[in-house]
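Sequences are here, hints too, so could you generate the full structure?
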Amino acid sequence: MTPRRRRLILVLGIVVGVSIAGALALSAFRRNVTFFFDPTQVSAGQVPAGERFRLGGMVTQGSLHRAPGSLEVRFVVTDFNHDVPVRYTGVLPDLFREGAGVVAHGRLSGDGTFVADEVLAKHDEKYMPPEVARSLKRRHGDSRAEAVPATAGQGEGAAGAAPRAPTNAAAAPSAAGS
Amino acid sequence: MLPELGHFALILALLLAGLQAFFGIAGPALGRDRWSGAVTSAVAGQAVMIATAVACLVGCFVSEDFSVAYVAENSNSALPLFYRVTALWGAHEGSLLLWILLLAAWTVAVAFGSGRLPPRFAARVLGVLGVVSFGFLLFTLATSNPFLRLDPPAPDGRDLNPILQDPGLAVHPPILYTGYVGFAVAFAFACAAMLEGRLDQNWARWTRPWTTTAWSFLTCGIALGSFWAYYELGWGGFWFWDPVENASFMPWLVGTALIHSLAVTDKRGLFKSWTLLLAILAFSLSLLGTFLVRSGVLVSVHSFAADPTRGIFILTFLIIMIGGALTLYAWRAPLLRSSAGFELGARESFLLFNNVLLVIAAATVFAGTLAPLISDSLKLGTLSVGPPYFNPTFMLSMLPLLALLSVGIHANWKRGRLGDSQRALLQTFVAALVLGCGFAFGLYSHGKVLTPIGATLAVWIILSSLVDPIDRWRRGLTLSRAVLGMTVAHIGLALAVFALTAVQSFTIERDVALAPGGTTKVGDYEFRFEGVKPVEGPNYEAVAGTLTVTRHGVPVAVMVPQKRNFWVQHQVISETAIRMHRGNNLLLALGEDLGAGRWSVRIQIRPLVALIWIAAFIMAMGGALAASDRRYRTARALVTSSEGATAGQPG
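Protein chains in written order, with our numbering: chain A, 2 to 179; chain B, 6 to 656.
FYI, nobody ran anything at the bench for these hints, they're computed from the structure.
Incorrect hints may have been included.
Stated by the list, open to error - Pairwise CB distance ranges, derived in the manner of DEER restraints: (1) Q432/B with L25/A: 29 to 37 Å; (2) F81/A with K384/B: 18 to 26 Å; (3) T483/B with R53/A: 39 to 47 Å.
Each residue gets a CB set at the ideal place from its N, CA and C atoms; glycine is no exception.
Following this line, the structure appears as structure tokens:
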């Protein structure tokens, strides 16, 4: 083989390898991304049937119910327009609480209940997952999206002693709303 | 007084960084060697100023000066002294300061640790590092000054985020950042070589020990982060493919490619442009990592304070640095011809495959990390990409890489014949196949498709890596530290693959509800819940659950996971209990009071998970060993005495 042909084979091999890898990665990507939906979209039936997705919103105050001694828990996720009941079996994350933002992974069951296999509450000083903040902003405009994390934050926050630094006070609403 | 002093020191450091950049780059370009002499002084002065600034901020934290906004945000009078010091890098401003401090440390090491570099080249390297430092200092002073005062001062601080009140904060960020920042040195060497227009093998040889050292730190840093995420319940386990984790992993993948491609450029003078591009890419990904983590554009379980305006600054800086470096590359590209060739089965082609596969892996991680951002900005819907995407695509490039590694280390430079090694390779492969399958089917008797494959590849790498060293040792020949380091690092990689295979195949996770006195059996282990009792800490109160663990009736351990409620932020954090037993890592987390006297408990049993971190540490040790090889030091002496000597140096 001449050096030229050898190089050609090498380059061709790499190109073929890269394209196969690319194609496989793309198909893995198509099958394995999970989309985010808020309660309004779920109520409107925008979620493809049987698909696993992420549901995000606020946990409605007073909606948390548990049969005593059981791991199964029920609560309602809301975007203040529509509600979706959620069922989950397992240990809830540390930051899960009524009135705070939450994101749950799972599927819709036949009766319209969202059966979660994973519940995430973000470790963040604003207690507000960004995508939930964005969805609330879309539904209610800026005022609501800013008011909600602010009240949630104050309730749990620094008990009066909280010094709000100038930089952070300016950054907090914009970061939550972006 | 202290914060003003620190602020002033930072401003002086910025000026000195500017001088360092100017003299370092303009001096050699205009042929004024006396200008280059001023660079070292600027480096030293800048380092002193930055150290002063850091010391001032530490002073503010220790003396509980809540008139400083950053201290008031991240500390509290009830916070133990240890965390008051580590709180320095607990948030954005301080971690940037840490970045700058470490860059100054690397710069000092380059300035005073490589006296044998040609003076002009050294000045250029320091000049480029000055540009990087200038950018970051400007960024800190303009958008994230940690020394800003509060008026009026806060009566007390808001406390360090409770999840960060962990020994992990003391070690993980500094070591990870040391690795990140270290790629700036490789970047500076590449830029200096392009500025100089002398793109022979020398710059690659000079760069190698620095790049390998940075890579070793990054490896350690990632492993420490993975360990921390493993026992911190909210962070999704030892590897979650979270954007912040990926941000540190992409530079690691490209950095790994870089140290291999530098070997080819050093030894054979090939892959020159590719090596330059990788050096630029590795540092760009480090910068991008900072951007991703700090701008808040990506949803991450680890992201804390985030601010989009800072993101725009970093993005601009990123564009200037990468754009500048690539322009330089385009300008110098005509110089990059190399005439040497190699055969298909030669070591060069294996290293080429190594590079291609590692870069593909980095690209798939990159695509998965940025896809949510792109989809969101194009209004295609909010999506998230998780392990179901990352695991198979990553495996796709890693499996061939591991298979080629065993063969590649036996290949010769330039020539394509494997020769005598062919038999050794076949023997080791058969042995690996037997041991790997024995592990998968014998020891555990169940598993997944990938279990025997992963185990076989791992064992093959170990056996194959050992063939040459054992052979040389038998014949009474010595091994250079470079070869020894390479062998150690490859064995570390194999151990990590082995451990990951075991963890992925045999992990058991269960959430259970237990009443005091109740028991549950998970895997081979039996857990008996003894009940809960209150515990009080320095700045929290906790509920501690006691569980007695037995295996086939034999006592194993008493484990006490806690649920801590921190006073200042009223945040509840689970303190998991971990225990090693016969290679299995048991992890227990206390959930909540379920009523009716029962508590929820999360139980995880992961075999060999500790080996992942040990293996990463072994890899880092291998890197350190290779970087300390004498030939990098003597080679430099050789080169300065006869400048421009190139091809055919003895390896």
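Against the structure, test the hints numbered earlier, and report the numbers of the ones violated in rising order. 3
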